[in-house]
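> Sequence:
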Amino acid sequence: MRILGLDPGLNITGYGILEREDGNIKIVEAGIIKPNSKLPLENRLLELGDELDNIISQFKPDLIAIEELYSHYGHPKTAIIMGHARGILFYKAAESKIAVTSYASTKIKNSLTGNGRASKQQVQYMVTSTLNLTQLPEPADVADALAVALCHLRTIEHEKVINS
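Just so you know, the sequence shown maps onto residues 19 to 182 in our numbering.
No wet-lab data here; the hints were simulated from the structure.
Don't take each hint at face value.
[Stated by the list, open to error] Below, a list of computed lysine to any residue pairs in the SDA-like style, where the Cα atoms sit at most 20 Å apart:
1. 110 / 181
2. 52 / 30
3. 110 / 121
4. 125 / 110
5. 125 / 115
6. 52 / 39
7. 44 / 146
8. 44 / 74
9. 110 / 138
10. 178 / 65
11. 178 / 74
12. 115 / 174
13. 110 / 30
14. 110 / 71
15. 138 / 114
16. 125 / 149
17. 78 / 67
18. 110 / 148
19. 95 / 105
[Stated by the list, open to error] Now the in silico label distances, taken between C-beta atoms and shown as ranges:
20. 181 / 58: 30 to 38 Å
21. 101 / 133: 25 to 33 Å
22. 47 / 108: 17 to 25 Å
23. 151 / 119: 19 to 27 Å
Beta carbons: idealized from backbone N, C-alpha and C, even for Gly.
Sequences are here, hints too, so could you generate the full structure?
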């Protein structure tokens with residue numbers, strides 16, 4: 019099973035593709051999508067969608083997991099812009115006929131650290147440790163995307179145990 023984890027953003031979207039193989043979890047690919055910030059919004063969204071298309075075509079994930087939108091009430095414009103980016107990611111997933119699951123950041127943190135209020139550093143440490151990496155994935159958007167994919171993998175495995 020191949021899972022594409024996404025940490026959505028209009029400036030930078032992190033992605034990480036994980037695969038369970040022989041009981042081990044391996045990173046297939048990880049990186050960022052960084053649309054040209056000088057372009058108008060609609061062209062940046064188009065770039066984001068085109069890049070996700072390329073990733074889906076090349077790595078053929080079975081499932082996609084994405085971090086839920088979180089916004090502080092004092093910054094509604096941020097939520098709207100993030101909503102545009104998430105909309106493109108969901109659209110491209112649906113177009114590719116790949117199921118998408120969203121996770122709250124507290125669920126992701128709890129899945130990896132046992133604490134839904136864990137710090138970003140604690141989550142990054144657990145990503146590094148769980149995936150047997152020698153260094154922290156950079157930039158942080160990549161580590162966040164890998165955390166989303168790990169959360170989804172663990173959720174699926176937990177549900178299999180419960181249902182068997």
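> Next step is simple, just say for each hint if it's right about the structure.
Quick rundown of the hints versus the structure:
Restraint check: the Cα-Cα separation between residue 110 and residue 181 comes to about 31 Å, which exceeds 20 Å; the hinted pair is violated. The straight-line distance between the Cα atoms of residue 52 and residue 30 is roughly 5 Å, inside the 20 Å bound, and the hint therefore holds. Between residue 110 and residue 121 the alpha-carbon distance is near 18 Å, which keeps this suggested pair within the 20 Å criterion. With a C-alpha separation of about 24 Å, the suggested pairing of residue 125 with residue 110 is violated against the 20 Å cut-off.
Only pairs whose Cα atoms come within 20 Å are accepted, and residue 125 paired with residue 115 is rejected, the gap being roughly 25 Å. For the given pair, residue 52 sits about 30 Å from residue 39 by alpha-carbon distance, which is inconsistent with the 20 Å threshold. Between residue 44 and residue 146, the direct Cα distance comes to roughly 12 Å. Compliance with the 20 Å bound is thereby established for this hinted pair. Distance restraint check for residue 44 and residue 74: the Cα-Cα separation of roughly 17 Å lies within the 20 Å cut-off, and the hinted pair is therefore satisfied.
Pair hint residue 110 plus residue 138 does not hold up; C-alpha atoms about 28 Å apart against a cutoff of 20 Å. Taking the CA atoms of residue 178 and residue 65, the gap is about 37 Å. The hint is violated against a cut of 20 Å. A distance of roughly 26 Å separates the Cα atoms of residue 178 and residue 74; the hinted pair therefore is violated under the 20 Å criterion. Restraint check for residue 115 and residue 174: satisfied, since their Cα atoms lie roughly 19 Å apart, inside the 20 Å limit.
Proximity of residue 110 to residue 30 is assessed by CA-CA distance (about 17 Å); at most 20 Å being required, the pair is judged to hold. Between residue 110 and residue 71 the alpha-carbon distance is near 7 Å, which keeps this suggested pair within the 20 Å criterion. This hinted pair does not check out: residue 138 and residue 114 have alpha carbons roughly 31 Å apart, beyond 20 Å. Annotation: proposed proximity of residue 125 to residue 149 holds, straight-line Cα distance about 19 Å (limit 20 Å).
For the hint linking residue 78 to residue 67, the alpha-carbon distance of about 15 Å falls within 20 Å, and the restraint holds. Our distance criterion of 20 Å between C-alpha atoms is broken by residue 110 and residue 148, whose separation comes to about 29 Å. Of the supplied pair hints, the one linking residue 95 and residue 105 holds, its CA atoms being roughly 15 Å apart against a limit of 20 Å. Separated by about 47 Å at the C-beta atoms, residue 181 and residue 58 break the suggested range of 30 to 38 Å.
Checked against the given bound of 25 to 33 Å, the beta carbons of residue 101 and residue 133, roughly 28 Å apart, stay inside it. Checked against the hint of 17 to 25 Å, the pair residue 47 and residue 108 passes, with Cβ atoms roughly 21 Å apart. Separation of residue 151 from residue 119 is about 24 Å and conforms to the stated range, judged on CB atoms against 19 to 27 Å.
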